[in-house]
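Engineer: Can you make the complete structure from the sequences, with help from the hints?
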Amino acid sequence: MSGNPEQERPSGVEAAVEAQHVREEVLERAGTAPAGDPRDHLVFADELVAGYVPEVNILNGCTLTLDEGEVVGIIGPNGAGKSTLIKTIFGLIPVRSGGLSLRGESIANLAAHELVSRGVGYVPQTQNVFPTLTVEENLQMGAYLRPKSFAARFDAVAELFPLLAQRRRQKAGALSGGERQMVAMGRALMMEPSVLLLDEPTAGLSPIYQEEVFQRVKQINATGVSVIMVEQNARRCLQICDRGYVLDQGRNAYTGTGRELLEDPNVVELYLGTLAKSA
Amino acid sequence: MRRRLVTVLLAVITAILVIPAGAVADDQGGETLNGQIRKPETVEGIDITVYQGSEEIGTATTGPDGEWEVEVPGPGAYRVVLDQESVPDEYVVSERPGPEHDEVQVREGQQRTVIFNLARPGEEEGGSSASPSEPAQEAAEEEPAQGEGTPEGVTTAPGVSSATPFGTKVVQLTVAGISFGLVIAISAIGLSLIFGTTRMINFAHGDMVTFGAMMALLFSTGATFNDVPLVVAALIAVVLGALLGIGLERFLWRPLRRRNVALIQMFIVSIGVALILRHLLLVGFGGNRERYDEYQLQEMIRLGPVGVTPRELTIICLSVLVLVAVAAMLQFTRIGKAMRAVADNRDLAESSGIDVDRVTLYVWGLGGGLSALGGVFYGLSQSVYWQMGFHLLLLMFAAVILGGLGTAYGAMVGGLVIGLVAQLSTLWFPSELMNAWALAIMIVVLLVRPQGILGRRERVG
Ligand SMILES: Nc1ncnc2c1ncn2[C@@H]1O[C@H](COP(=O)(O)OP(=O)(O)OP(=O)(O)O)[C@@H](O)[C@H]1O
Ligand SMILES: [Mg+2]
Chain B
1 MSGNPEQERP
11 SGVEAAVEAQ
21 HVREEVLERA
31 GTAPAGDPRD
41 HLVFADELVA
51 GYVPEVNILN
61 GCTLTLDEGE
71 VVGIIGPNGA
81 GKSTLIKTIF
91 GLIPVRSGGL
101 SLRGESIANL
111 AAHELVSRGV
121 GYVPQTQNVF
131 PTLTVEENLQ
141 MGAYLRPKSF
151 AARFDAVAEL
161 FPLLAQRRRQ
171 KAGALSGGER
181 QMVAMGRALM
191 MEPSVLLLDE
201 PTAGLSPIYQ
211 EEVFQRVKQI
221 NATGVSVIMV
231 EQNARRCLQI
241 CDRGYVLDQG
251 RNAYTGTGRE
261 LLEDPNVVEL
271 YLGTLAKSA
Chain A
1 MRRRLVTVLL
11 AVITAILVIP
21 AGAVADDQGG
31 ETLNGQIRKP
41 ETVEGIDITV
51 YQGSEEIGTA
61 TTGPDGEWEV
71 EVPGPGAYRV
81 VLDQESVPDE
91 YVVSERPGPE
101 HDEVQVREGQ
111 QRTVIFNLAR
121 PGEEEGGSSA
131 SPSEPAQEAA
141 EEEPAQGEGT
151 PEGVTTAPGV
161 SSATPFGTKV
171 VQLTVAGISF
181 GLVIAISAIG
191 LSLIFGTTRM
201 INFAHGDMVT
211 FGAMMALLFS
221 TGATFNDVPL
231 VVAALIAVVL
241 GALLGIGLER
251 FLWRPLRRRN
261 VALIQMFIVS
271 IGVALILRHL
281 LLVGFGGNRE
291 RYDEYQLQEM
301 IRLGPVGVTP
311 RELTIICLSV
321 LVLVAVAAML
331 QFTRIGKAMR
341 AVADNRDLAE
351 SSGIDVDRVT
361 LYVWGLGGGL
371 SALGGVFYGL
381 SQSVYWQMGF
391 HLLLLMFAAV
401 ILGGLGTAYG
411 AMVGGLVIGL
421 VAQLSTLWFP
431 SELMNAWALA
441 IMIVVLLVRP
451 QGILGRRERV
461 G
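Chains B and A, in that order, give the protein sequences. Residue numbering for the first sequence follows UniProt numbering, starting at 1 and increasing by one per position. Residue numbering for the second sequence follows UniProt numbering, starting at 1 and increasing by one per position.
Derived by calculation from the structure, the hints in this document are not laboratory data. Careful, some of the hints might be misleading.
Taking CB as the label site, the calculated pair distances span [stated by the list, open to error]:
| # | chain 1 | residue 1 | chain 2 | residue 2 | range |
| --- | --- | --- | --- | --- | --- |
| 1 | B | Asn109 | A | Leu313 | 51 to 59 Å |
| 2 | B | Gln20 | A | Ala440 | 56 to 64 Å |
| 3 | A | Gly247 | B | Arg118 | 28 to 36 Å |
The structure displayed is predicted, hence computed values, not measured ones. Backbone N, C-alpha and C define an ideal beta-carbon position, used for all residues, glycine too.
Structural biologist: See below:
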């Protein structure tokens, strides 16, 4: 009984090894993408190299562009460096080499709070609310640099997430995972950013909540906010994204429109199929 | 992560508990007998002689403010006699306590106060017939100079002796515990906020308390800045304490953080800072216990069964005011909310646009100022000496852990609990053990609520 599937298909181990080969070949070819002009893009990350520990690079030359009004998705296996890429763009991790610019101006190694004042919002993957602060205070912290605009922005954000108005006085730490995700996104929207960086906004949420988050992202995008989002739910992400990047071992493996990536047999097999989970 | 920190802290506390045992040895001697003739008013030129057995130890004459002091060779029992010949004609010596004190016990290092009262000739009979025991009782309640001979780190409560009835004692010690707890709370807020915002344990916080107390001493009693009122000196001390905190953060901790120095190394550095600061203060001010000139000899105000000195009452009221002000600041102001946000999640605060370094600088300023104020209060109710803050540090750690690491409100609640437990434990146990009881309660509470009274349980997922 247990041997049956292995006779019909190559064993899991062999498949994984084969997949690894294909991935490495792809990565060989990658990294030669033509570098554009920073001024043509809202966000332009060019051959980024970055890492946490000295001498160990997690990003080995990542390239990413975001244009006005786009939703760009980043997918890839665990540990590929997706969060690291987002954090590097947001200035939380120093850029070791490569270029990073916002509207043509270099933002490499600017502190995060300076990026916030330039209109970039960031929602971390984990620990993305202030647990002992109330929902309202969380949002106030989002508007820290512009306290006067709080009331108006609160109304705007509460329109998107009505729950935030209902739970206004509740401690954020006492909310459910999905509710906290809304607080986190609400907080990042308080400064009326033009670029929103979302790191796995649907992680750990039930399918209904996940769909809700995707809908909200599209809604936010419709108000003119350009979005870069990292997603585990790769299929759904690519469906709503204008363009997608497949990241692997700190490098771009595939780049294309959401539809192109969804239809690319290699991407499907390596990153969207069942094999992607075991790889 | 937090658990492990708590464990490290506990180990440190145990170490501190052991250290003072060795530190008690460097006692200073300097026992004296002293007092002030001020009833019905200060009288100059009264001779007071101290005997041990039949041998005369020394004589003193009261100065213009009625004060006198005789140095004694060491601990022991002395007889103190007021020379009736030297009393001006318009006064007589009160019957109670009379012109002579027998068997006045002086403990190691104690500067013991002895009370003589004068009266106008006609008035005494009237006074004593109305209530014969009253003068004696008042004399007993006139506060002895406490703290002097007590073991290091033990905090004495005024108006409590073995003769006090149990019920009164409970109330009296509760008042003392509240006052002590408030002082701990004020001093510990900074410790907690600094831990919250930077995850660093500031071992030097106790010496920042001493720094404040000694700065107030310098400005109020020092020859250099003579006669600045203590209130003004205390304000100067608070400002200097805040500047000390800001300076340490700006020129030591921030550069260390920038260089990604690990927390455990920062902790060791803070021990170094503590030692340097403590010994600089020792060199600058000497190893003696000192007192502020003002608000020393005070009569107790009776509030029902409770006797409390105006000084103690003022400390309690001011402490409560300060704590309420700090809480309001944290709760309602923009910078206060930012402090709580940074304490909650430093990275997210940075990502929200908060200038985390600036907020940390303010936290150090606030913490430094508050610990200096705590030092002045502690010095007022006990005495000022170079290790005072170091001995308080143990209780501040306990308060911060007990209340919940990293939250200012936790430090407040924890401080009160620790102060009350420490004082009330002396109802049944020797006062040398009061700090041990405070720590025992902390351990018990942690066993039941590992995150502390107001702490937040680390939520997973
Ligand atoms: N704070 C850190 N210090 C050191 N190394 C880190 C740190 N955070 C991540 N890494 C390492 O960087 C690599 C990439 O991590 P990253 O979080 O970017 O992956 P990811 O693509 O976001 O994965 P996931 O899908 O699991 O979120 C991993 O190998 C991880 O071990
Ligand atoms: Mg990630």
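Engineer: It remains to establish, for every hint, whether it holds in the given structure.
Structural biologist: Each hint, compared with the structure:
| no. | hint | in the structure |
| --- | --- | --- |
| 1 | Asn109(B) x Leu313(A): 51 to 59 Å | holds, 56 Å |
| 2 | Gln20(B) x Ala440(A): 56 to 64 Å | holds, 59 Å |
| 3 | Gly247(A) x Arg118(B): 28 to 36 Å | holds, 32 Å |
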